[in-house]
Amino acid sequence: MKSANRDNNIAVEVKGVIKDFKLPHDSANSIKSLFVNPFSRRTIETQHILRGVSFDVKKGEFFGIVGRNGCGKSTLLKMIAGIYSPDKGSITVNGRISPFLELGVGFNPELTGRENVYLNGALLGLSTKEVDQKYDAIVGFAELEAFMDQKLNNYSSGMQVRLAFSVAIHVESEILLIDEVLAVGDENFQRKCFEVFESFKREGKTIIFVSHSMSSVKDFCDRAVLIDKGEVIAFGNTERIVDKYSELNRGREVIRLTAENSGKLKAEDDDVRSVGGTRSVEITDYEMYDHNNKKTFSLETGKKFRIQFKAHFTEPADNPVYAAMFRKNPKDNLYGINSFFSKEKVPSQKSDSIASVVIEGVMPLSVGHYYLTLAVADQSKRTNHTDLIVLNNYIKVSVYGAEDTWGLIPNENRVKVEKA
Amino acid sequence: MYIFVYNYDEVNFAKKIQSRYRYSLVLLKQLVITDFKLRYKSSALGYLWSMLKPLLLFLTLYIVFVKFLNVQFAINDPAIYLLVGIVLWGFFNEVTTGSIQSIVGRGDILRKINFPKYIVVISVTVSALINLGLSLVVVFVFMIFGNAHPIPIAAIAVPLLILELFMFAIGIGFFLSATYVKLRDVNYVWEVVLQAGFYATPIIYPIARVAQFSPEAAKLLLLNPVAQVIQDVRYFLVDQNTVTTSSIFDGGYYRFIPVLISILVFILGALYFRKRSSSFAENL
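Those protein sequences? They're chains U and P, same order as listed. Going by my numbering, 311 is the number at position 311 of the first sequence; the sequence numbering is gapless. Going by my numbering, 245 is the number at position 245 of the second sequence; the sequence numbering is gapless.
Bear in mind the hints are in silico, worked out from the structure with no lab data behind them. Every value quoted in this text rests on a predicted model; they were computed, and no experiment measured them. Errors might be hidden in some of the hints.
Here are some chain P residues pointing at chain U (derived, C-beta under 7 Å) [unchecked claim]:
1. Tyr-23
2. Ser-24
3. Val-26
4. Val-32
5. Ser-43
6. Ile-109
7. Ile-113
8. Ala-270
9. Arg-274
10. Lys-275
11. Ser-277
12. Glu-282
13. Asn-283
Where is the CB? At the ideal position from N, CA and C, for every residue including glycine.
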């Protein structure tokens with residue numbers, strides 16, 4: 001029943017991960033500030049780095065994490081490596097993961113190449129004995145046989161990278177995390193790196209790769225996830241991710257898709273999304289807020305939320321109706337909020353006017369992913385109903401909370417069993 | 001109805017713990033080796049400094065306090081008596097001050113790799129332990145040529161006392177290093193505390209003199225675990241007339257207070273460190 005979550009094919013499962021950084025303003029880091037301003041609380045700016053990110057990486061996959069600078073991808077990688085811990089959500093790793101992100105962690109310029117191999121190896125989990133066994137292979141791959149007893153000080157940066165890379169690939173881990181290493185080294189070395197990655201792939205190792213370089217993502221990754229402003233924008237097919245990424249860079253507005261994971265939903269959502277109605281209204285600036293008044297597309301079960309959008313009317317509407325509908329499948333209406341049924345007094349609109357719409361509700365659905373449809377209609381009488389615009393399944397919303405059911409509606413379960 | 005889902009079956013779990021433990025040991029070993037190599041890199045005398053440092057300090061204090069000021073330690077060999085105090089204080093000093101900046105000092109690694117953070121603090125203390133061992137060799141050499149009166153049970157008692165001191169020091173070290181990540185004043189505060197502590201501990205003066213003057217003050221001073229350990233080690237290794245915590249309280253329950261303090265400081269320090277350690281990487 002729950003086997004989907006224990007899937008043996010999943011190497012890394014990231015589920016609803018939220019991470020905030022609290023940055024105190026003008027923190028003096030000293031007791032003095034306690035004396036000078038003992039009662040005024042320092043203002044703390046909270047930076048939302050990740051706002052409910054979910055995806056999964058399959059075993060034996062070459063998986064890319066892409067996004068613009070400051071989108072949160074490095075933070076995410078650090079959390080997968082266990083360096084940071086998530087504020088909310090969970091990260092499950094199945095298999096031995098390499099604990100590092102960068103090459104040559106702990107390298108000390110005062111030590112010789114040989115000593116650094118042992119030190120770096122230990123940080124990556126290799127015992128002295130294991131390094132002894134692999135030493136020749138490590139040095140051989142780095143092509144540094146003649147330099148091993150020199151201080152690292154005397155190495156060129158290229159030599160250091162070669163040595164570091166060589167140690168890293170001789171660590172036997174099932175899941176590798178790589179943050180932009182390919183940007184360094186000459187062409188010859190880069191080619192060598194890719195050869196190693198190819199052989200890792202053949203050995204069935206999982207590689208998670210963070211990069212700006214779309215060409216290497218395209219060449220190597222089986223699947224990828226695109227992250228922007230701490231949210232998953234797209235997930236799955238590499239080609240599509242690369243397209244979206246360039247769209248993003250061109251500054252075009254991209255429909256935000258959040259938290260697609262576990263293969264429960266197909267990554268290719270474009271085919272469920274459609275626009276209907278007379279299109280005399282345009283919906284823009286749609287935003288969603290959770291119970292903490294935080295802008296997000298992940299909501300918590302049983303908690304309040306708010307949808308806001310602007311409706312630009314190009315033609316007059318006497319009795320406009322604003323609606324939001326949550327769906328699991330593109331066609332089944334699960335949970336709808338509608339200004340007609342809520343009997344709100346809604347002002348009529350002239351042509352070329354803008355209505356600012358706030359829809360409030362309590363999330364009745366259980367953990368999972370849902371499509372949100374936004375619509376504006378005109379309903380002068382009950383019978384005369386015209387859809388002005390329908391953004392069908394346009395926004396993807398993820399709902400998190402206690403997983404107390406496999407159904408769509410959370411409930412207090414009670415199962416009584418008696419022996420017959 | 002609740003269903004628990006385990007991500008690892010038991011075998012895997014045991015394996016995971018085992019490999020984590022093994023990883024810690026491998027890392028600890030390399031960090032200690034590196035520390036030692038780096039510390040005495042391009043120094044002519046190298047490891048000898050570990051012995052020379054306490055020895056030179058001892059010579060200074062010996063000349064000042066025993067020869068010039070003629071402080072009456074009232075024991076058979078004031079030189080060894082003094083040396084034992086200095087060596088043990090030096091160990092306490094090295095563990096605590098070394099710990100403070102250890103986490104921040106390893107920031108470059110902590111930010112890039114996930115490993116058990118306590119290893120960093122332990123590696124500092126292991127270096128201090130090695131130094132203590134080398135210093136104790138000097139003490140034993142003095143004992144052979146001097147006029148010390150060790151009793152046989154010292155072979156068991158002294159290591160246990162050092163363990164107690166170690167726990168007390170590392171407990172403080174855990175606390176200080178974790179606090180230092182966010183509050184850099186800790187460094188200066190601890191410097192002052194150590195300086196005061198050096199004079200509040202009967203290292204360069206006989207506690208008996210304090211007792212003559214005010215028995216209550218002497219009792220209070222001997223509740224300090226460092227003082228208790230120093231006096232006890234002196235008792236076992238040098239002179240059985242040494243005033244110890246046990247003797248000053250006439251064997252009452254109060255004599256257990258320093259040991260309890262040490263254990264408590266160790267446990268609380270470790271718990272505090274563990275609680276804070278998950279956020280080290282973010283705050284560095």
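Going down the list of hints, with the structure as the test:
The restraint placing Tyr-23/P at the interface with chain U holds, with a minimum CB-CB distance near 5 Å, inside the 7 Å limit. Given hint, Ser-24/P at the interface with chain U, is violated; its Cβ is 10 Å from that chain's nearest Cβ, farther than 7 Å. The interface hint given for Val-26/P holds, since its Cβ lies 5 Å from the closest Cβ of chain U, which is under the 7 Å cut-off. Restraint check, Val-32/P versus chain U: the minimum CB separation of about 11 Å is more than 7 Å; hint violated.
A least Cβ separation of about 12 Å between Ser-43/P and chain U goes past the 7 Å threshold, and the interface hint is therefore violated. Evaluation of the Ile-109/P hint against chain U yields a held restraint, the C-beta minimum of about 5 Å falling below 7 Å. The closest approach between the C-beta of Ile-113/P and any C-beta of chain U is roughly 5 Å, which is under the 7 Å cut-off, so the hint is satisfied. Interface restraint check for Ala-270/P: the shortest CB-CB distance to chain U comes to about 19 Å, outside 7 Å, so the restraint is violated.
Given the 7 Å rule on beta carbons, the hint for Arg-274/P is violated: about 13 Å separates it from the nearest Cβ of chain U. A least Cβ separation of about 12 Å between Lys-275/P and chain U goes past the 7 Å threshold, and the interface hint is therefore violated. A distance limit of 7 Å between C-beta atoms decides the matter here; for Ser-277/P the minimum to chain U is near 10 Å, and the interface restraint is violated. Restraint check, Glu-282/P versus chain U: the minimum CB separation of about 6 Å is within 7 Å; hint holds.
At its closest, the beta carbon of Asn-283/P sits 10 Å from a beta carbon of chain U; the interface hint therefore is violated under the 7 Å criterion.
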